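Colleague: Chain by chain, the residues:
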Amino acid sequence: MKRFGQVPRRYWLVALAVIVFAGLPTQVTSFQSLEWAEVLIFAIVIMGLNLLVGYSGQISLGHGAFMALGAYTTAILVHRYHIDYLATIPVAGLLTGLVGFILGIPALRLSPLYLALATFALAVVTPSLIKRPENLTQGVQGILLPPPQPPDWLGSLFGTVTGGPNMTSDQWLYYLSFVLACVLFWVAWNIVRRRPGRALIAIRDGEVAAAAFGVNVAGYKTLAFGLSAFYAGVAGALYALASSFVSPDTFPVSLSFQLLVGAVIGGLGSIAGPLFGGIFTFWLPIISSQFVQTQDWIPDQVAVVFKNAGPAVTYGALLILIMIFAPNGLVGLILSAYARLRSRLRGVGERGTGQLPPDPQTV
Amino acid sequence: MQELMQQVLSGIASGGIYASLALALVLIYNAMGLVNFAQGEMAMFATFLAFTLIGRGMSYWIALPITIALAFAGGIVIQRVIIRPVERAPVLTLVIVTLGLATLVNGLAGFFFGYLPRSFPSPFSVQTVNILGAAASYQDLGVIGVSAVVLVLVYLLLQRTTLGLAMRAAAHHPEASRLLGVRVSWMLALGWGLASAVGAVSGIMVAPILLLEPNMMQTVIIYAFAAAVLGGIESPLGAVIGGLIVGVTVNLAGAYLPGVGGDLQLAVAFAIIIAVLVLKPNGLLGRGAARRA
Numbered sequence: 001m002k003r004f005g006q007v008p009r010r011y012w013l014v015a016l017a018v019i020v021f022a023g024l025p026t027q028v029t030s031f032q033s034l035e036w037a038e039v040l041i042f043a044i045v046i047m048g049l050n051l052l053v054g055y056s057g058q059i060s061l062g063h064g065a066f067m068a069l070g071a072y073t074t075a076i077l078v079h080r081y082h083i084d085y086l087a088t089i090p091v092a093g094l095l096t097g098l099v100g101f102i103l104g105i106p107a108l109r110l111s112p113l114y115l116a117l118a119t120f121a122l123a124v125v126t127p128s129l130i131k132r133p134e135n136l137t138q139g140v141q142g143i144l145l146p147p148p149q150p151p152d153w154l155g156s157l158f159g160t161v162t163g164g165p166n167m168t169s170d171q172w173l174y175y176l177s178f179v180l181a182c183v184l185f186w187v188a189w190n191i192v193r194r195r196p197g198r199a200l201i202a203i204r205d206g207e208v209a210a211a212a213f214g215v216n217v218a219g220y221k222t223l224a225f226g227l228s229a230f231y232a233g234v235a236g237a238l239y240a241l242a243s244s245f246v247s248p249d250t251f252p253v254s255l256s257f258q259l260l261v262g263a264v265i266g267g268l269g270s271i272a273g274p275l276f277g278g279i280f281t282f283w284l285p286i287i288s289s290q291f292v293q294t295q296d297w298i299p300d301q302v303a304v305v306f307k308n309a310g311p312a313v314t315y316g317a318l319l320i321l322i323m324i325f326a327p328n329g330l331v332g333l334i335l336s337a338y339a340r341l342r343s344r345l346r347g348v349g350e351r352g353t354g355q356l357p358p359d360p361q362t363v
Numbered sequence: 364m365q366e367l368m369q370q371v372l373s374g375i376a377s378g379g380i381y382a383s384l385a386l387a388l389v390l391i392y393n394a395m396g397l398v399n400f401a402q403g404e405m406a407m408f409a410t411f412l413a414f415t416l417i418g419r420g421m422s423y424w425i426a427l428p429i430t431i432a433l434a435f436a437g438g439i440v441i442q443r444v445i446i447r448p449v450e451r452a453p454v455l456t457l458v459i460v461t462l463g464l465a466t467l468v469n470g471l472a473g474f475f476f477g478y479l480p481r482s483f484p485s486p487f488s489v490q491t492v493n494i495l496g497a498a499a500s501y502q503d504l505g506v507i508g509v510s511a512v513v514l515v516l517v518y519l520l521l522q523r524t525t526l527g528l529a530m531r532a533a534a535h536h537p538e539a540s541r542l543l544g545v546r547v548s549w550m551l552a553l554g555w556g557l558a559s560a561v562g563a564v565s566g567i568m569v570a571p572i573l574l575l576e577p578n579m580m581q582t583v584i585i586y587a588f589a590a591a592v593l594g595g596i597e598s599p600l601g602a603v604i605g606g607l608i609v610g611v612t613v614n615l616a617g618a619y620l621p622g623v624g625g626d627l628q629l630a631v632a633f634a635i636i637i638a639v640l641v642l643k644p645n646g647l648l649g650r651g652a653a654r655r656a
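Chains A and B are the protein sequences, given in the same order. As numbered in our numbering, residues 1 to 363 make up the first sequence, in order. As numbered in our numbering, residues 364 to 656 make up the second sequence, in order.
A few of these clues could be false.
To be verified - Looking from chain B toward chain A, a few residues come up when the C-beta cut is under 8 Å (computed):
no.	residue
1	I445
2	V454
3	V458
4	V460
5	L462
6	L464
7	I572
8	Q581
9	F588
10	D626
11	L629
12	I637
13	V641
It is worth saying that the hints were derived from the structure and are not from the lab. Treat the numbers as computed from the prediction; the structure is a model and nothing was measured. Positions of the beta carbon are idealized from the N, C-alpha and C atoms, including for glycine.
Let the sequences and hints guide you as you build the complete structure.
Modeller: Here it is as C-alpha cells:
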C-alpha cells in the first residue's frame with residue numbers, strides 16, 4: 001500500500017481517463033461510439049502535430065494532407081488490392097511517415113514562416129492532387145469502403161461481458177482507435193521525456209545552443225517531421241475506415257486548420273493537450289451548428305446561415321482569444337488554476353511542486 | 364503565335380492581380396516580419412462590401428474608392444485590436460493568430476453574405492481590341508491598368524513622401540525611429556491599413572473573373588504567396604515581378620503543358636513556391652539575411 005502513495009497523482013488521472021474511455025461504448029449508443037472513435041482519431045493526429053509544433057517548434061499547416069495520404073493508402077489497398085484492413089493501418093502510417101521524413105529535409109532549410117507557407121500551399125493543393133490519378137483514387141467520386149467487422153471471438157466476448165448484444169462495427173472501430181490512441185500516446189510520452197524529447201525541446205528553445213551541446217539538429221528536426229506524419233497517417237487510415245468513405249472533399253484546407261486549432265487549444269507541448277484538442281476539434285463544429293438550431297429565440301434565417309458559418313466564426317475567434325490570453329491552451333489554464341488553488345490552500349510560501357529550485361548560476 | 368500572345372496577355376492580367384495581393388503581403392512582412400495568412404480573406408470581405416455598395420445602386424467608380432477607404436480603416440482596426448497584443452510574440456504565435464483571423468473573416472463573410480457564388484460587375488467590357496495581332500479583351504487591359512496604377516501609387520507613397528519614409532523607417536529600425544520621433548506603433552497600423560487597401564483592389568479585380576464567394580481568395584492567395592516568395596518576400600518590386608511571372612507561367616502551363624489543365628494550375632504555383640524556397644530562398648530581389656540565433 002505504501003508504494004501506491006508514491007505514485008504521482010497524474011498517473012491516477014491517466015488510469016481514470018483510460019477506464020472512462022474503455023467503458024464508454026457500454027454506456028452510449030453504437031453511433032455515439034463511432035463519434036467518439038473520431039474524437040480519438042483526431043486526438044492521434046493532434047498528438048503528432050503536437051510533437052512537431054509543441055516540442056520541436058516547427059509548424060505545419062498541412063497535416064490534413066498527411067491524413068489524406070494515410071486515408072487513401074488504406075482505401076486503395078483495401079478497395080483495389082483486397083488487403084486486410086488491419087494490415088493497411090501500419091502500411092499507411094509508415095508510408096506517410098516516410099513521405100513526411102522526405103518532406104522534412106527541404107523543410108530544414110526553411111524559416112518557420114516559410115515552412116508555414118509551404119505546408120499551407122500543400123494543404124490547398126491536396127484535393128486537386130488527389131483528383132488527378134483517377135484510376136487509383138476514383139477522382140471526385142471517392143472510394144467506398146465496407147465497414148470493418150470485429151473478430152468473432154471479440155464480438156461475442158463483448159456481448160458476454162456487457163450482457164448485451166455482440167459488438168457492432170462502430171464499437172469495434174472505437175476500440176481499435178482507443179487501443180491505437182493509447183499506444184501512440186504512450187509512445188509520445190516516452191519520446192518527449194527521454195533523450196529525443198529533450199533534444200527536440202532544446203532545438204525549439206534555441207537551435208544554436210542545442211547544436212553547441214552536440215544535438216543533431218537536422219536529424220532530430222526531420223525525425224520530428226517523419227514521426228508527426230506517421231501519427232497523421234495512422235489517424236488518416238482509421239479515419240477512412242471510420243467514415244467508410246474517402247473523397248478529395250474529405251480533406252479540405254479547413255481540416256488542416258482545425259487540427260492546428262485543436263493542438264493550440266488543447267495545449268501545445270503537453271501530453272494531455274491533444275486529447276482535449278481531439279474532443280474540441282470534433283465536437284465544436286457539431287455543437288456550434290446544432291446549438292443555434294435548438295434555440296427558439298434566434299430567427300430561422302439567422303440560424304440557417306449560422307449552421308454553415310458558425311464553426312468558422314467560433315474557431316477563428318477562439319483561436320485568436322486563446323493565443324492572446326492563454327497561449328498554453330486548456331491544459332495550461334487547468335494547470336495554472338490548480339497551482340493557484342494549491343498555493344491558496346497551503347499558504348503562499350510553500351509550493352510543494354517537487355521540482356528542484358532553479359540553479360542560481362544558470363539563471 | 365496569336366494564341367500564345369493572348370495567353371501571355373491574360374497571364375499578365377491575372378499576374379497584376381497576384382502582384383497587388385503579393386504587394387500587400389510584402390508590406391506587412393516588411394512592417395513586422397510576418398506573412399499575413401488572412402490577407403486574402405480580408406480582400407474577399409472588402410470585395411463583399413463593394414458588392415453591397417454597388418447592389419445599393421452606387422456607381423462602380425464611387426464604390427471602388429469607398430471600399431478601399433473602408434478596407435484601409437479595417438486594416439488599422441485589425442492591427443490595433445488583434446495584432447497589437449501579440450506583436451512581440453514568437454512567429455509561431457503570430458502565424459496562428461493570422462490563421463485565426465482568416466478563419467474568422469471567412470466565417471463572418473459567410474454569415475453576412477452567404478455562400479452562394481455571385482457574379483460581380485466589371486466596369487470593363489468583354490469586347491476585344493487588336494494588339495500586336497492578339498485579341499486583348501478590355502477586361503484584361505482594364506485589370507492591367509488598375510493594377511499598374513495601384514502599384515505606382517504605393518511606390519510613390521513609400522518612396523516619395525515623408526509618411527512613406529517614416530513607415531519604412533519604423534519597419535526597418537523601430538528603436539532608432541522612435542528616438543527620432545516617429546510613432547512606430549501607428550506606422551505599423553498604417554502598414555496594415557495600406558496592405559488591406561491594396562489587397563482590396565486585388566479582390567475587386569479578381570471577383571468578376573472568379574465569382575464572388577467567401578472562399579474566392581483561397582486559390583488567389585496561393586498565387587500571391589508564390590509571387591511574394593519568388594520576388595524575395597521583402598521586396599515590393601520583387602512582388603510585382605513575381606506576380607507577373609507567376610501569372611504568365613501558370614497561364615501558359617495550364618494552356619500548353621500536357622496534363623496540367625485548369626485544375627492543376629494551383630500545383631504549378633505550389634511547385635514554384637517549393638522550388639524557390641529550396642533553390643533560392645531569398646527570391647529574385649530579396650537580400651540575403653545573416654541568420655541569428
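Colleague: Take the hints in turn and mark each one as holding or not.
Modeller: Structure-based check of all given hints:
1. I445: Since the shortest Cβ distance to chain A is 6 Å, the answer is holds.
2. V454: 5 Å, holds
3. V458: 5 Å, holds
4. V460: It holds, given that the least Cβ distance between B/V460 and chain A is near 5 Å, below 8 Å.
5. L462: 6 Å, holds
6. L464: It holds, given that the least Cβ distance between B/L464 and chain A is near 6 Å, below 8 Å.
7. I572: 18 Å, violated
8. Q581: OK, holds: B/Q581 within 8 Å of chain A, min 6 Å.
9. F588: 6 Å, holds
10. D626: Constraint on B/D626 satisfied, holds at 5 Å.
11. L629: 5 Å, holds
12. I637: Constraint on B/I637 satisfied, holds at 6 Å.
13. V641: Nearest chain A Cβ about 5 Å off; hint holds.
Of the numbered hints given earlier, the model fails hint 7 alone.
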